[in-house]
Amino acid sequence: MGKNLEAYELIWQKVLQNDMQAFEKIYKHYYPSLFNYAEKLTKESNMAEDAIHDTFLYLWKHRSQIGEIRSIQFYLFRSIRNSCLKLIQRKSKLSSLEEVKTRLELTILPEELYLKDSNLETKKLIQKALLELSSRQREIIFLKFFNNLDYNEIGEILDINYQSVVNHVHRAIQKLRKSKILQLFRH
Amino acid sequence: MSKKKNIHDLIGDQSFVNWVMMSNPNDIKKWNTWKEANPDQSELLEDARMMITGFSHKEPQITDNQTNKSWESFTSKLNQDTPKKSTIIPLRRKLLSIAAALVILLVAFVGIQKFNSTPELIVFETFENETKTFQLPDGSSIILNTNTKVAFYNNWLEQDIRILKLEGEAYFEVAKQPKGKIFQVHSNDLTVEVIGTAFNFNGKRKESVVSLMEGKVNLIKPDIGEKILKEGQTAWFNKTTKQFEIQSDKTAYWKAWTLQKWAFGESTPVTEILERIEETYNLKSQVTNEEILKKNASGEVSIESPEVLFEALSYLLGVEMKIEKDKLIISIAD
Chain Y
1 MGKNLEAYEL
11 IWQKVLQNDM
21 QAFEKIYKHY
31 YPSLFNYAEK
41 LTKESNMAED
51 AIHDTFLYLW
61 KHRSQIGEIR
71 SIQFYLFRSI
81 RNSCLKLIQR
91 KSKLSSLEEV
101 KTRLELTILP
111 EELYLKDSNL
121 ETKKLIQKAL
131 LELSSRQREI
141 IFLKFFNNLD
151 YNEIGEILDI
161 NYQSVVNHVH
171 RAIQKLRKSK
181 ILQLFRH
Chain G
188 MSKKKNIHDL
198 IGDQSFVNWV
208 MMSNPNDIKK
218 WNTWKEANPD
228 QSELLEDARM
238 MITGFSHKEP
248 QITDNQTNKS
258 WESFTSKLNQ
268 DTPKKSTIIP
278 LRRKLLSIAA
288 ALVILLVAFV
298 GIQKFNSTPE
308 LIVFETFENE
318 TKTFQLPDGS
328 SIILNTNTKV
338 AFYNNWLEQD
348 IRILKLEGEA
358 YFEVAKQPKG
368 KIFQVHSNDL
378 TVEVIGTAFN
388 FNGKRKESVV
398 SLMEGKVNLI
408 KPDIGEKILK
418 EGQTAWFNKT
428 TKQFEIQSDK
438 TAYWKAWTLQ
448 KWAFGESTPV
458 TEILERIEET
468 YNLKSQVTNE
478 EILKKNASGE
488 VSIESPEVLF
498 EALSYLLGVE
508 MKIEKDKLII
518 SIAD
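Heads up: the protein sequence lines correspond to chains Y and G, in order.
So the first sequence is numbered by our numbering: it starts at 1 and just counts up by one.
So the second sequence is numbered by our numbering: it starts at 188 and just counts up by one.
Note that these hints are calculated values from the structure, not bench results.
Please note that a few of the clues may not be correct.
Stated by the list, open to error - Reference excerpt, derived from the structure (chain Y facing chain G, CB under 8 Å, subset only): (1) Ser33; (2) Glu49; (3) Phe56; (4) Leu57; (5) Lys91; (6) Val166.
As the structure is a prediction and not an experimental result, all values here were calculated from the model.
Note that CB positions come from ideal geometry on N, CA and C, so glycine has one too.
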């Protein structure tokens, strides 16, 4: 499953030479998917925007210390998730990051999927089936299927081991198969 | 190859991945053979295949406009950080060194200092779904409720009367003021003068409501009169009687929002609750039966989300609450 690793990792090398235009390219390329992710985590577009700004500010300021990045997408998704957690903690005044992590909720909507038919009944069924998955399962599915991160990267982003990630997705797929909606997805 | 496989065996096997992606003819053959020989594991095979290919999804609907705007505000944040620090300090150092050298320039220095010291306004604010805590230069702290602004000048600490302007609602814990300094909070209609205390100032209503948890405050109704408030008292000005009305032992109710809840105590009238809903969620209420307005609630409710709140209130009051066209419709539950 070779990913096209070269393009943005090379552009990052230009950033290491202080090329602001290269930085802008990276920002604008990843912004839509990062914003999408941050908004799903924080449920607020202001916080999502702040998380993105915080991440990129840090990235720019510390670029020489960070040096080469093997996978820009992985680095950004991990940073964004951490920024979001911190912002949520600050806002909700929960005492620990652990508490924030346990209350984290990620939603996937039927509208985001390509379905074999899109009448209301189908959407309702899919909505129900998605709600029966755990938030963790949804987040892994979101990162894997919507953003093409691999299971190892997802493990590092969520701070769980590779086997757990694979098991979570497998169980999710089995649940979706059982509720008979798997056949409704187009692959 | 009839050993029972598990999901990890398949996902982790590059030859299997190649079969799924149809990228290697040997692997395609290998796994087709395996598939035929192991019909009982066909579901596992399908699961593993799906875990590699995923399913089709739509791209997030984020416009180029939004992306570009985001980049613009990012660059302004980036530029805010660095230049500021580097311009102020050299200027001061430069001025000081010149002043040390010549008397004439000393006069010029004083002139420039005065010119440079038009006080700047500092503003703390919160928006719709947030409450925030801030520290003031004297060590006092304020918690701002939703949709609230607090403003003061940056020479605040030096003034004899330290004035904060409040629009909205905030809970204050005021540090003891040094001798000769007075701490005042002004809303549109009321001034609270503080003598080292903890109080809640609700400036969201036509007549502000101040609730005193600790210490002593003086309420000043400009051009009309003053009233000293004691611990445990809550007060607001009554325009009709032209007097301050006092409520005792309700401070827990006025402060509860700082703990993400509303605390009704033994009894809080529905009319007050509806007013609170309006100022917090911008939602006007409409009752279908006048009897509802005579009801009371007791106990506590969480305000972590409006849905949770309305459900709890419906239960406490024996009513049904529904939002229709930006209004909260309340009817008796059957």
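Here is what the structure says about each hint:
1. Ser33: Result: holds, 6 Å to nearest chain G Cβ.
2. Glu49: Holds. Min distance 6 Å.
3. Phe56: holds, 6 Å
4. Leu57: holds, 6 Å
5. Lys91: holds, 6 Å
6. Val166: With a minimum Cβ separation of about 6 Å from chain G (threshold 8 Å), the hint on valine 166 of chain Y holds.
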